[in-house]
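Q: Listed here are the chains, written in short residue letters.
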Amino acid sequence: MNLSEMLPELILALPLTLAIMFVALIAGFFLAVLATTFRIRRVPVISQLADLYVSYARSVPVVLQLFVAFYGLPVLVALFEISDFFSPNVAAMLGLSLYHGGYLSEVMRPAYLAVDRGQHDAADSLGYGFRQKIFRVVGPQAVHIALPGYGNALIYLIHNVALVMYIGAADVMATAHLVMQRHYNQYQFETYLLLAVIYSLLCLVAWLIVRFFERRSPMYASAERQVKMPLMANV
Amino acid sequence: MLELRDIRLSYGNSQILKGVNLSVSRGDVVSIIGPSGTGKTTLLKCINYLARPSSGTIALDQIRMDYRRADKPTVQAIRLRTAMVFQQFNVFKNMSVIQNVMDPLIVVQRKSKEEARQIAVQELERVGLSDKLDMYPSQLSGGQLQRTGIARALAVRPDVMLFDEPTSSLDPELVGEVLKVINDVAASGMTSLLVTHEMQFAKKISNRIVFMDQGVVAAEGSPDEVFDTPSNPRLAQFLKSEVAFQ
Chain A
39 MNLSEMLPEL ILALPLTLAI MFVALIAGFF LAVLATTFRI RRVPVISQLA
89 DLYVSYARSV PVVLQLFVAF YGLPVLVALF EISDFFSPNV AAMLGLSLYH
139 GGYLSEVMRP AYLAVDRGQH DAADSLGYGF RQKIFRVVGP QAVHIALPGY
189 GNALIYLIHN VALVMYIGAA DVMATAHLVM QRHYNQYQFE TYLLLAVIYS
239 LLCLVAWLIV RFFERRSPMY ASAERQVKMP LMANV
Chain B
3 MLELRDIRLS YGNSQILKGV NLSVSRGDVV SIIGPSGTGK TTLLKCINYL
53 ARPSSGTIAL DQIRMDYRRA DKPTVQAIRL RTAMVFQQFN VFKNMSVIQN
103 VMDPLIVVQR KSKEEARQIA VQELERVGLS DKLDMYPSQL SGGQLQRTGI
153 ARALAVRPDV MLFDEPTSSL DPELVGEVLK VINDVAASGM TSLLVTHEMQ
203 FAKKISNRIV FMDQGVVAAE GSPDEVFDTP SNPRLAQFLK SEVAFQ
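Protein sequence lines correspond, in order, to chains A and B. Position 79 (the first sequence) corresponds to 117 in my numbering; numbering is contiguous. Position 158 (the second sequence) corresponds to 160 in my numbering; numbering is contiguous.
In short, the hints are calculated from the structure, not lab data. The hints are all genuine.
Output of the computed footprint for chain A on chain B, the stretches with three or more beta carbons under 8 Å from beta carbons of chain A:
no. : segment
1   : 72 to 84
2   : 105 to 117
Pulled from the structure, derived: some chain B residues nowhere near chain A, Cβ distances all over 10 Å:
no. : residue
3   : Arg7
4   : Tyr13
5   : Gly14
6   : Asn15
7   : Ala61
8   : Gln124
9   : Ser190
10  : Pro225
11  : Phe229
12  : Asp230
13  : Pro235
14  : Gln239
15  : Leu241
Okay, derived cross-link-like pairs now, EDC-like style, lysine to aspartate or glutamate, Cα gap no bigger than 20 Å in a straight line:
no. : chain 1 : residue 1 : chain 2 : residue 2
16  : B       : Lys74     : A       : Asp159
17  : B       : Lys20     : B       : Asp215
18  : B       : Lys242    : B       : Glu222
19  : A       : Lys171    : B       : Asp73
20  : B       : Lys182    : B       : Asp133
21  : B       : Lys205    : B       : Asp186
22  : B       : Lys74     : A       : Asp162
23  : B       : Lys205    : B       : Glu222
24  : B       : Lys113    : A       : Asp162
25  : B       : Lys206    : B       : Asp30
Note that the Cβ used here is the ideal one computed from N, Cα and C, for glycine as well.
Take these sequences, add in the hints, and give me the full structure.
A: This is the structure in structure tokens:
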């Protein structure tokens, strides 16, 4: 078997892999914002549920979370007498969204808390409302602090997409196994190596994007960044 | 114009403010002095509700509030008419110097961008930062940051300026430039409250000195009365140690 035979088949499985990834990326982001909001602004019951959710997403192995999504969610919707719409792909998207959201919440919360208390005080004393303060002052600074952690969360998400084959979603990993089995498992090393390259490239792209934003957000960076600043105050 | 009555505040079991009374007339420059940990800063923060007293009342002209029944609109009304300068500057790190001054005008006061810019340029000129408009906080010295903080506070056109130890976290050689700006502000007739450890400066610019000790106002009077003929033994002792230090 050669590369020109195997690669197109794997490439054909990429769109589904990327779709699962992007759904989890976007849905997870909004879940994380929601969970983080309620973990910072304590609301009885809802905040405790948010804590529980984040603790589930962070402490249960991702494979297990996928099984829970695949077997558990149909049971849940059956309770509400909705017909089962869970294909392995949908279950994979949901399971990974939940995982990524919980993980990301624990990137966002510390970033929010890392913004100096004085920034809140200044905005409050000037009469900023809560939303104005978050969107104009605290949020932009928290985003900057969160970016490296976000990059990590993104890379873990990409890795964990490889687990969706356990619930039967036909991503690149599952396709690779099919290809190998068709050839009586003769070319395992080559196939896995190719997979490794594909995943590395995905992570590289994600890392480049995050790094672009890290560099873009300008002067108000960290102490190290100040040292490197070409323009220094001359008092 | 500003009346604080019987302000009490505790953190856990420790009482920080034990019934503080303070009244300030329009145009007054009042310096609050006293040992560390006696609630000077906390008192100042109570005025714009950054610290939340358990009881007491505030009156700022017609705006009146009982801290036991503090409500958002009244707190906001008070915040819009006071402006605070912080010990740690608290300049918004994600904004340039001019954005720091413009942003509250645009966001809170809903002024147009042009008008906000015009006011900001004017106030930044007043504090001597005309050549730093587009610099970011990470590029500025402490003195420049504090002057940005003062410009931002002045730009909202407050009735009362609250200076919370504005020079305490500055290098000695940067203190002068900030004191000069505060002196100009006070001389312009702006009603000001100043928490400070700069005794000579307080004596020079204030028309009244308030000495706080252990959560209460222990003595107050004109600068001459307080500094030259201190009647309260704690005050005398405090002044002696401050002078010895300086």
